[in-house]
Every structure is written in structure tokens, then in C-alpha cells.
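2 protein chains.
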Amino acid sequence: MNSSRCAACKHLRRRCPSDCIFSPYFPSNNPRRFAYVHKIYGASNVGKILQDLPVNCRAQAADTLCYEAYCRIKDPVYGCAGMVSVLHQQLNVAECQLARIKAEIAAIKNETSNVKPHEYQQQVESTALPSLSPYYLPDQSGSTLICYSLPTWFE
Amino acid sequence: MNSSRCAACKHLRRRCPSDCIFSPYFPSNNPRRFAYVHKIYGASNVGKILQDLPVNCRAQAADTLCYEAYCRIKDPVYGCAGMVSVLHQQLNVAECQLARIKAEIAAIKNETSNVKPHEYQQQVESTALPSLSPYYLPDQSGSTLICYSLPTWFE
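Those protein sequence lines, which keep their order, are chains A and Z.
Residue numbering for the first sequence is 2 to 156, as defined by the numbering used here.
Residue numbering for the second sequence is 2 to 156, as defined by the numbering used here.
Among the clues, some could well be false.
No distinction is drawn between identical chains; accordingly, a pair holds when it is met within one copy or between any pair of copies.
Unchecked claim - Straight-line distance between alpha carbons at most 20 Å, and here's what the computed SDA-like set of lysine to any residue pairs gives: (1) Lys103 x Ser29; (2) Lys49 x Cys97; (3) Lys40 x Pro77; (4) Lys11 x Pro32; (5) Lys75 x Arg59; (6) Lys49 x Ala36; (7) Lys75 x Ala60; (8) Lys110 x Ala36; (9) Lys11 x Ala107; (10) Lys75 x Asp53.
These are computed hints drawn from the structure, not numbers from a lab.
Nothing here was measured: the structure is a model prediction, and the numbers come from that model.
The task is simple: from the sequences and hints, build the whole structure.
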């Protein structure tokens, strides 16, 4: 063992070889980064995933594995997939808003030739929509199921 | 060994105990479901994650683990995190569109008192925006880096 072992080799209490698959992506000054992926995937699986990739893709793969492992530790039920679900719902809300506002603008355009300016103002005001409000992001509180409720004002 | 082993025990070539942690979530008629999580997390890590959860959360956890494992197999560099990144960008695009369209409507409202109907129509037309177009979803083609390009018409 030497003092310049990477975080993975330190964690695994082993010598850090010169061609260590973990060393470039798990520096010794960030031990939690390896601890996360070790807990969720195991060192062997992380090593296999990195080894099967071209060298220029490995840093990005290590980053995303860390992110997903961190998400799973924070939220053991939904993990990163919970974030995908929430973002899908938020996107759906935003796209519904856009579709509605565009339909309303189109309707106003169809009526514009026969109305007076002050009536226009009333019509334009009717297109005002509430802002996108913050949503509940997945968070594991104790061992209860997570609430993914979203505002329903757009329905 | 018996003929009613779950997919996990079949995959691991072992007897399926009556209290098998995998059995309720990895039925024998869907062997790929377990193969995915086994390849990415390893059976032991999946078993640990499930075991640490209350029984009523385990089905959802198994589903999300399968989803994330499938994403990682399809896209070994970005995995499920790639989807999070793409959705974040799509949401940002949609929210930029909404903010812009609301600002334009507010500007029209401010001008309505002094313009004629046909001028209104021109103003309303200026709020028309292109539809949300489909984006490149993460897909691992060979071993090249994935393109996460998004349309830039909203800038």
C-alpha cells in the first residue's frame, strides 16, 4: 500500500495499481464519491462498467453512476427514476400550459376583426396563467411512501 | 430445486426459499427483469436494498431498480441520469417559452388602450411560437458520445 492510493483502493484496503480502473475517476480527496457507488453497485460492477467503455467516456460514466447511487441512497424506493417521473410530470404540466395558451391566442385571433380595443384587453387577460410552482421532489423521509403530488390547476 | 422458482433463483441456479426476497418482484415468466438488475447491481446488492425497505415499498423499488438497470444497459455512459439531464433541458425550454409568451401578453395588455383591432391581431400573431419539437433522447450507438443537442430557437 502507498499513500497515493485512490479513494476506491483506500476503501477496499488494497494496493492501488498504476493501471487502476478507478483511480482517474475516484480521487482520494473525495472518499464519499466511491462509497456511494460501492454501496449501490459494488466495486466489481462499477469496474466492469468502466472497463467496457472507451477511455474518453469513463469520466462521464463515473459521474452518472455516482449521481444515480447518490439518488438511490437518498431515496431507496424511487432513486433516480423518481426524478425522471417528477420531471416528466413537470414537463407535461408546462406543455399543457403552452398548448392551452396557444389555443387561447388562436381563439382571440379568430375574434379580433369584430371587437373593440377594451374587449381585446379582456380577452388577453383571460390568457393569464399561474406561474409554474415548485413541485415535490422525491425525498425519502423515514420509510414512508413518497408523495409525488403535483398541482392540478392546469386540468 | 423446484419448478416454481422465481426468475432470480433460476438465474442464480439455486433453490427458491419460501421467504425469497426476490420472488414477489421477479416472477419466473420475466427472466430479463432480473437479468438487468443482476448485471448492473448484482443480486446481493438488490437483495440488500429490498431487505432494508418496508414490504409495501419493495415492489416500487424493484420496478425502479429494473428501470435504472435497463437504462444503464441501453446507455452505459449516461444511464438514467442522461434522461434526467434531457428532461431538465426540455423543461427549461418549455419554461422559457412560457415566460416569454407571458411577457409578450403582458406587453400587449399595456398597449391595448391605444391601438385598433387589426393592430391587435398583428400583436397577437407575434406571440405565436413554434411547437415543442421532439428531442434527442439518450441512446448508446456504438461507443460514441451521445448527442444531447436541443433546439435553440427559444434563445
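Each hint, compared with the structure:
1. Lys103 x Ser29: Classified as neither: same-chain Cα gap 53 Å, cross-chain 49 Å, threshold 20 Å.
2. Lys49 x Cys97: Cα proximity of Lys49 and Cys97: none, with 42 Å in one copy and 40 Å across.
3. Lys40 x Pro77: both (12 Å within a copy, 19 Å between copies)
4. Lys11 x Pro32: within (8 Å within a copy, 37 Å between copies)
5. Lys75 x Arg59: between (24 Å within a copy, 16 Å between copies)
6. Lys49 x Ala36: both (17 Å within a copy, 16 Å between copies)
7. Lys75 x Ala60: Cα proximity of Lys75 and Ala60: across copies only (18 Å, versus 23 Å in one copy).
8. Lys110 x Ala36: neither (59 Å within a copy, 56 Å between copies)
9. Lys11 x Ala107: neither (64 Å within a copy, 59 Å between copies)
10. Lys75 x Asp53: This pair counts as between: shortest inter-copy Cα distance 13 Å, intra-copy 28 Å.
When the structure is compared with the earlier hints, violations turn up for hints 1, 2, 8 and 9 and for no others.
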